[in-house]
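Chains as they are written, first to last, in UniProt numbering: chain A, 1 to 239; chain B, 1 to 239.
Worth flagging that the hints you see were computed from the coordinates, not collected in a lab.
A portion of the hints provided could be inaccurate.
[Said to hold, decoys possible] Straight-line alpha carbon distances no greater than 27 Å define the calculated DSS-like cross-link-like pairs of lysine-lysine that follow:
no.: 1; chain 1: B; residue 1: K137; chain 2: B; residue 2: K126
no.: 2; chain 1: A; residue 1: K182; chain 2: B; residue 2: K194
no.: 3; chain 1: B; residue 1: K23; chain 2: A; residue 2: K194
no.: 4; chain 1: B; residue 1: K194; chain 2: A; residue 2: K194
no.: 5; chain 1: A; residue 1: K182; chain 2: B; residue 2: K182
no.: 6; chain 1: B; residue 1: K90; chain 2: A; residue 2: K90
no.: 7; chain 1: A; residue 1: K90; chain 2: A; residue 2: K194
[As the list claims (entries may be wrong)] Some chain A residues flagged as far from chain B (calculated, every beta-carbon gap over 12 Å):
no.: 8; residue: D13
no.: 9; residue: T16
no.: 10; residue: R20
no.: 11; residue: D37
no.: 12; residue: A40
no.: 13; residue: A76
no.: 14; residue: D81
no.: 15; residue: P117
no.: 16; residue: G120
no.: 17; residue: L134
no.: 18; residue: R146
no.: 19; residue: R157
no.: 20; residue: Q163
no.: 21; residue: D179
no.: 22; residue: R181
no.: 23; residue: D220
The beta carbon of each residue, even a glycine, is placed where N, CA and C say it ideally should be.
What follows is each chain in one-letter form.
Number of protein chains: 2
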Amino acid sequence: MTNEHIVAAFDRDLETIQARIMKMGGLVEQAILDAADSLAARDEELARKVRRRDSAIDDLEEQINDDAARVIALRAPTATDLRLVLSVMKIAGNLERIGDYAKNMAKRTSVLVEMAPIEGANVSLKRMARDVQLMLKDALDAYVQRDAELAMDVIRRDRDIDQLYNALFREFITFMMEDPRKITPCMHLHFIAKNTERMGDHVTSIAEQVVYLVTGEFPDEDRQKADRTSTDASITEGD
Amino acid sequence: MTNEHIVAAFDRDLETIQARIMKMGGLVEQAILDAADSLAARDEELARKVRRRDSAIDDLEEQINDDAARVIALRAPTATDLRLVLSVMKIAGNLERIGDYAKNMAKRTSVLVEMAPIEGANVSLKRMARDVQLMLKDALDAYVQRDAELAMDVIRRDRDIDQLYNALFREFITFMMEDPRKITPCMHLHFIAKNTERMGDHVTSIAEQVVYLVTGEFPDEDRQKADRTSTDASITEGD
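Using the sequences and the accompanying hints, generate a full structural model.
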């Protein structure tokens with residue numbers, strides 16, 4: 001087998017894996033939108049659908065990991081190619097987590113329909129979910145087109161999501177102080193807001209992978225650290 | 001180079017990476033304990049230390065990923081060995097997340113010292129953190145000794161953590177209903193409880209990797225699914 005044959009085979013393998021990533025991404029985008037719709041419309045049937053469909057997302061991640069491991073074992077890719085394969089596994093991991101958060105949102109819908117609705121919150125939550133879904137769409141487009149500029153744009157937009165979250169956090173506290181009966185539903189809605197904010201962090205991770213693949217460097221170290229912090233350490237009133 | 005030389009070189013590389021994993025694990029265990037102590041003692045200085053030391057944990061993860069990628073590129077390990085190297089990257093990823101949660105706990109300590117203390121919560125939170133730290137210690141011991149039994153024991157103990165969390169969740173709701181001034185501190189304490197529960201999920205992930213390495217299979221598919229769900233989808237009152 002000549003070297004070119006090996007290269008062509010590697011490229012074919014990688015295309016197959018990337019196709020699966022795009023399929024997985026499509027399912028995750030749908031899950032985000034459907035979960036937010038099920039919450040806004042108090043539609044338990046749609047919520048159940050989102051929960052059922054999450055296993056297809058998990059299965060795709062497993063397939064992508066198996067494919068990637070097989071490619072590494074078979075083709076023994078060097079430096080740049082290896083980076084590409086490893087980044088695919090990371091992106092699949094991020095997508096799986098986003099899918100989990102969407103499933104979680106759908107689960108809480110089933111709990112929240114039993115409680116009095118909290119006016120106003122659903123509109124903000126739906127807007128946040130919609131923004132995250134559009135960020136994810138652009139992050140995946142940036143990945144396929146190896147477009148670092150578009151990826152940087154996605155990273156910047158994550159700040160808006162953080163701001164939407166902070167505004168909602170304050171709103172929930174106000175609701176709870178006004179009326180103790182709102183405490184339990186607001187705790188659930190707050191979880192949904194926090195998880196949507198975390199979805200944005202995972203989308204940002206995907207965009208950072210794209211920048212790394214194209215430029216060989218992660219975007220601005222400070223910004224990256226800040227993001228990593230915000231994933232789990234955002235304490236909502238800033239630090 | 002004979003085949004045996006290659007094997008010996010691979011084993012040496014792997015030992016180096018494993019030593020780094022153990023070092024990283026030690027730092028993360030310390031971070032969990034110190035973060036919980038800083039919260040219980042309202043010790044801002046200790047909290048600042050935990051936050052500063054998180055970058056050493058992040059650096060170790062980066063080194064481990066670089067090492068692992070280099071081993072794959074250089075030694076082109078096959079099936080079982082490749083699984084070993086990939087599992088190391090996953091474990092490092094879990095440790096980094098646990099470290100982030102500890103840093104987050106320390107950050108909230110700095111916010112909570114400004115507020116009236118919530119009696120009782122700190123004891124439960126400290127116990128939860130201590131249990132998670134012991135689970136992590138055992139998961140890493142199980143990894144080094146390739147002890148699937150010990151790993152399974154860690155996985156079982158995660159249920160206790162989930163129960164501690166659920167009890168705390170209900171306690172916080174009661175506090176908030178009794179006194180609206182407790183709403184803001186309880187929101188922060190609730191985050192800490194949730195993040196500690198998530199640490200437990202990441203420790204469980206490490207233990208599952210160990211079971212997979214030793215037996216070639218993930219522990220009982222149902223249990224694994226349940227865990228994955230509980231990571232992000234626990235809706236606290238069960239589903």
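Minimum Cβ separation between D220 of chain A and chain B greater than 12 Å?
Holds: least Cβ distance 16 Å, greater than 12 Å.
Interface-negative label, D13 of chain A against chain B, beta-carbon threshold 12 Å
holds, 15 Å
Is the claim that A76 of chain A lies outside the interface with chain B correct, judged by CB distances over 12 Å?
At roughly 4 Å from the nearest Cβ of chain B, A76 of chain A sits no farther out than 12 Å, so the non-interface label is violated.
Find the nearest Cβ of chain B to the Cβ of Q163 of chain A and say whether that gap is larger than 12 Å.
holds, 18 Å
Minimum Cβ separation between L134 of chain A and chain B greater than 12 Å?
holds, 22 Å
Verify the proposed pairing of K23 of chain B with K194 of chain A, using a straight-line Cα cut of 27 Å.
With Cα atoms ~32 Å apart, K23 of chain B and K194 of chain A exceed 27 Å; violated.
Against chain B, does D179 of chain A hold up as non-interface, every C-beta pair farther apart than 12 Å?
violated, 10 Å
Nearest-CB test (12 Å) between chain B and D37 of chain A
holds, 18 Å
Taking the shortest Cβ-to-Cβ distance between R146 of chain A and chain B, state whether it exceeds 12 Å.
holds, 20 Å
May I ask you to check that D81 of chain A keeps its beta-carbon over 12 Å from the closest beta-carbon of chain B?
violated, 9 Å
Given the hinted pair K182 of chain A and K182 of chain B, is their alpha-carbon gap at most 27 Å?
This hinted pair holds, its Cα atoms lying about 15 Å apart.
Pairwise hint evaluation, K194 of chain A against K90 of chain A, where the allowed Cα distance is 27 Å at most:
Holds: K90 of chain A and K194 of chain A sit about 22 Å apart, inside 27 Å.
Checked against the numbered hints given earlier, the structure breaks hints 3, 13, 14, 21, 22 and satisfies all the rest.
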